[in-house]
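Colleague: Here's the letter readout for the chains.
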Amino acid sequence: MNENKQITQHPDYKEHHEPWVRMVKRDNVSTQRAVAVRAIAILAALLVGGILILLMEHNPILVYKDMIIGSLGSPLVLRETARMAIPLLITGMGIALAFKMRFWNIGAEGQIIAGATAASYFALFHYQNMPSPVLLMVMFAAAVVAGGVWGMIPAVFKAKWNTNETLFTLMLNYVALEGLRYLQYGPWRDPSKMGFPVIAMFDTSARLPRVFGVHIGWIIALVLVVLVYIYMKKSKQGYEITVVGESIQTAKYAGINTSLVFLRTMFISGAIAGITGFVTVAGANFTVSEEVTGGVGFTAITVAWLAKLNPAAMIAISVFLAILQKGSGTIQTIYKIPSSAASMLIGLILFAMLGCEFFLNYKLIFKKK
Amino acid sequence: MEGFAVVDFFFMAVIAATPLLFATLGEILTQKSGSLNLGVEGMMFMGAAAGVAASYIYEATVGDATLGFVSAILAVLIGFLAGALGGLIYSVLTVTFRANQNVTGLALTIFGIGAGNLVGELLGIRAGGFTTVAEDTKRMFSSISIPWLSDIPVIGRLFFSYNFMVYLAIITAIVLMWIFNKTRVGLNLRGVGESPATADAVGINVTRYKYIAAIVGGGICGLGGVFISMADNSGTWIFNCIAGRGWIAVALVIFAAWRPSRAIIGALLFGGLSVLRLYLPIDGIPAQVYNILPFVATILVLIFTSIRQSKEHSQPKSCGINYFREER
Numbered sequence: 001m002n003e004n005k006q007i008t009q010h011p012d013y014k015e016h017h018e019p020w021v022r023m024v025k026r027d028n029v030s031t032q033r034a035v036a037v038r039a040i041a042i043l044a045a046l047l048v049g050g051i052l053i054l055l056m057e058h059n060p061i062l063v064y065k066d067m068i069i070g071s072l073g074s075p076l077v078l079r080e081t082a083r084m085a086i087p088l089l090i091t092g093m094g095i096a097l098a099f100k101m102r103f104w105n106i107g108a109e110g111q112i113i114a115g116a117t118a119a120s121y122f123a124l125f126h127y128q129n130m131p132s133p134v135l136l137m138v139m140f141a142a143a144v145v146a147g148g149v150w151g152m153i154p155a156v157f158k159a160k161w162n163t164n165e166t167l168f169t170l171m172l173n174y175v176a177l178e179g180l181r182y183l184q185y186g187p188w189r190d191p192s193k194m195g196f197p198v199i200a201m202f203d204t205s206a207r208l209p210r211v212f213g214v215h216i217g218w219i220i221a222l223v224l225v226v227l228v229y230i231y232m233k234k235s236k237q238g239y240e241i242t243v244v245g246e247s248i249q250t251a252k253y254a255g256i257n258t259s260l261v262f263l264r265t266m267f268i269s270g271a272i273a274g275i276t277g278f279v280t281v282a283g284a285n286f287t288v289s290e291e292v293t294g295g296v297g298f299t300a301i302t303v304a305w306l307a308k309l310n311p312a313a314m315i316a317i318s319v320f321l322a323i324l325q326k327g328s329g330t331i332q333t334i335y336k337i338p339s340s341a342a343s344m345l346i347g348l349i350l351f352a353m354l355g356c357e358f359f360l361n362y363k364l365i366f367k368k369k
Numbered sequence: 001m002e003g004f005a006v007v008d009f010f011f012m013a014v015i016a017a018t019p020l021l022f023a024t025l026g027e028i029l030t031q032k033s034g035s036l037n038l039g040v041e042g043m044m045f046m047g048a049a050a051g052v053a054a055s056y057i058y059e060a061t062v063g064d065a066t067l068g069f070v071s072a073i074l075a076v077l078i079g080f081l082a083g084a085l086g087g088l089i090y091s092v093l094t095v096t097f098r099a100n101q102n103v104t105g106l107a108l109t110i111f112g113i114g115a116g117n118l119v120g121e122l123l124g125i126r127a128g129g130f131t132t133v134a135e136d137t138k139r140m141f142s143s144i145s146i147p148w149l150s151d152i153p154v155i156g157r158l159f160f161s162y163n164f165m166v167y168l169a170i171i172t173a174i175v176l177m178w179i180f181n182k183t184r185v186g187l188n189l190r191g192v193g194e195s196p197a198t199a200d201a202v203g204i205n206v207t208r209y210k211y212i213a214a215i216v217g218g219g220i221c222g223l224g225g226v227f228i229s230m231a232d233n234s235g236t237w238i239f240n241c242i243a244g245r246g247w248i249a250v251a252l253v254i255f256a257a258w259r260p261s262r263a264i265i266g267a268l269l270f271g272g273l274s275v276l277r278l279y280l281p282i283d284g285i286p287a288q289v290y291n292i293l294p295f296v297a298t299i300l301v302l303i304f305t306s307i308r309q310s311k312e313h314s315q316p317k318s319c320g321i322n323y324f325r326e327e328r
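For the record, the sequence lines run as chains Z and A. For what it's worth, the numbering used here labels the leading residue of the first sequence as 1, then goes sequentially. For what it's worth, the numbering used here labels the leading residue of the second sequence as 1, then goes sequentially.
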């Protein structure tokens, strides 16, 4: 008692104030609440986007409406939107596997390029030697191996020396891109195109068949969703990824060979991105060029994260982003709003989603008067 | 190489190094407080576009009364603020809302690339083709001639002929060096970055330090963007003009071992590599080989620093991990 009195009389003593708000961690969040909070977050982002559209002197409601019509309004654009969602969905799953293990693979761009280039090699130079199904199979396998190996390189260094994988995977994007550019401007350049540095179109035998008007990449993507879901949730290897992601120390203590998990997972992650490359060149472009990724490797990070690394949720997110991207093309022609607006809007939605997690994980308790 | 070509090469290397130096310094400051902001590329885009927009709008408003140096100062100031806005968004999300630092940085990059290109293109559409700034403004961002000093052979061109932003970058490096090593603020900042819990316990306001470091750091990154749009591209907007340089800066932070002095050397080295092709072309080596040099160099730096793992040259300990007071 006496001591307390002395402290309060000390000149440096400041009366301790309870903060006006404090945070308490929530134990569990109901699904309804989780969905509601995220929906509000997306709406808030769209609202901010709307204000920006207003600043550009357009009517946001009309612009958003035209985005929807331009991406879902007719079978033709619907197919186009589906085609844009396929690479996002496939790549998103590859990234999710790496992210689950807290391995920040932002090298999907490079892994897509590696896969696309390897597949194109067979499509361009060996199409005469085999029937179409075999050729497509070989292209698929080549893309898987090339993407996988490209993804595994940083994992080798991460496993051995704990080399920063974020920057390593990123730098490999540029290396892969310059490699493909070299081929495009050099040895693979189509001489019949005169001055233009482009690579020849694939023979018809190297093109993916269509089902319901969209190349079968969508079936490949949906099969992958099931496979990745089972792998992540039901397999021993998937469990090991989760443990390594939670804590490397725990994983080592539990006797998991963390190096092996790094290498194996990054091979699979890169291989899945490689499949994106294959699907893009064999299904959509029928050739390969320096623009083959179209930024999918980066946008797919968004897909993986917004879906909370859940393969099933990634279907919805990749379709949503495809709507934004296809729609932004439409509003570019109608309103002359540059299509970069889509990227900014995606950024805003990401901010909102990242921010809203806080309100799911923590409860705010305000000071009572 | 001829004697004069060497001087030319050095001159161009400095020009190529300056945006890298700004961005590297900004990120060093941010990381010192324990925030790993991967949004450098995005903040550079924001700074670059805001700089052009500031000059363009100022000049469109005052018309013939345009003063080159006012336009230039506005570009630098608004570019800084745009980058700082990126740092603020990052701080709100990671410090206050405790979001994952990696993903927040990536989101900031996606947002910044979109916002920068959008603003740049909108300005272009408004200007009926592409934006340009006044000749006086352009002159502010091109090489200068100081009486006497710039006339000294070789040395004049090497040291006294750059635009003001080059010197601003070097001054920024020196100021940061002084803050980190000689001031109480620098010491506290290091404490926050190394061990926020300890810093908190001795009464340092961790949140305030993290916010200010990320905001000022973001602003400095924005200046790198201003240099690219105003000096390299003389006030016109070129789509995707930052082109990965923000990411190189993130790697340069590691190369520089979180020291501003080494950031100068690193930026010069990487700047030099990026212009090497123009001065040392070798028959039979395609352009792409030169283009990948900075990226391969970055990878080598990453590998070597990870193998050496010296304590003194390592990242502030709390980098990448958010600090929750309640979970101490």
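Hints were generated in silico from the structure; no laboratory data involved. What you are looking at is a predicted structure, and each value in this text was computed from that prediction instead of being measured. Each hint should be verified, as a subset may be incorrect.
For lysine-lysine, the following DSS-like pairs were computed, each having C-alpha atoms within a straight-line distance of at most 30 angstroms [stated by the list, open to error]:
1) Z/Lys100 <-> A/Lys182
2) Z/Lys100 <-> Z/Lys25
3) Z/Lys252 <-> Z/Lys336
4) A/Lys317 <-> Z/Lys25
5) Z/Lys193 <-> Z/Lys100
6) Z/Lys100 <-> Z/Lys234
7) Z/Lys100 <-> Z/Lys252
8) Z/Lys160 <-> A/Lys317
9) A/Lys317 <-> A/Lys182
10) Z/Lys308 <-> Z/Lys367
11) A/Lys138 <-> Z/Lys336
12) Z/Lys308 <-> A/Lys317
13) Z/Lys252 <-> Z/Lys236
14) Z/Lys100 <-> Z/Lys308
15) A/Lys138 <-> Z/Lys252
16) A/Lys317 <-> Z/Lys363
17) Z/Lys336 <-> Z/Lys65
18) Z/Lys336 <-> Z/Lys25
Reference excerpt, derived from the structure (chain A facing chain Z, CB under 7 angstroms, subset only) [said to hold, decoys possible]:
19) Leu93
20) Ala107
21) Ile110
22) Gly114
23) Ile285
24) Gln288
25) Leu293
26) Phe295
27) Ala297
28) Val301
29) Arg308
Quick list of simulated restraints, FRET-style, between CB atoms [claimed, not checked]:
30) Z/Asn162 <-> A/Thr198: 19 to 29 angstroms
31) Z/Ile61 <-> A/Phe324: 24 to 34 angstroms
32) Z/Gln237 <-> A/Phe159: 50 to 60 angstroms
Note that the Cβ used here is the ideal one computed from N, Cα and C, for glycine as well.
Colleague: Each hint should be assessed against the structure and marked as holding or not.
Modeller: Consistency of the hints with the structure:
no.	hint	in the structure
1	Z/Lys100 <-> A/Lys182	violated, 42 angstroms
2	Z/Lys100 <-> Z/Lys25	holds, 23 angstroms
3	Z/Lys252 <-> Z/Lys336	violated, 56 angstroms
4	A/Lys317 <-> Z/Lys25	holds, 25 angstroms
5	Z/Lys193 <-> Z/Lys100	violated, 45 angstroms
6	Z/Lys100 <-> Z/Lys234	holds, 14 angstroms
7	Z/Lys100 <-> Z/Lys252	holds, 17 angstroms
8	Z/Lys160 <-> A/Lys317	holds, 20 angstroms
9	A/Lys317 <-> A/Lys182	holds, 21 angstroms
10	Z/Lys308 <-> Z/Lys367	violated, 33 angstroms
11	A/Lys138 <-> Z/Lys336	holds, 29 angstroms
12	Z/Lys308 <-> A/Lys317	holds, 27 angstroms
13	Z/Lys252 <-> Z/Lys236	holds, 15 angstroms
14	Z/Lys100 <-> Z/Lys308	holds, 9 angstroms
15	A/Lys138 <-> Z/Lys252	violated, 59 angstroms
16	A/Lys317 <-> Z/Lys363	holds, 29 angstroms
17	Z/Lys336 <-> Z/Lys65	holds, 15 angstroms
18	Z/Lys336 <-> Z/Lys25	violated, 46 angstroms
19	Leu93	holds, 5 angstroms
20	Ala107	holds, 4 angstroms
21	Ile110	holds, 4 angstroms
22	Gly114	holds, 3 angstroms
23	Ile285	violated, 11 angstroms
24	Gln288	holds, 4 angstroms
25	Leu293	violated, 10 angstroms
26	Phe295	holds, 4 angstroms
27	Ala297	violated, 9 angstroms
28	Val301	violated, 9 angstroms
29	Arg308	violated, 9 angstroms
30	Z/Asn162 <-> A/Thr198: 19 to 29 angstroms	holds, 24 angstroms
31	Z/Ile61 <-> A/Phe324: 24 to 34 angstroms	violated, 41 angstroms
32	Z/Gln237 <-> A/Phe159: 50 to 60 angstroms	holds, 59 angstroms
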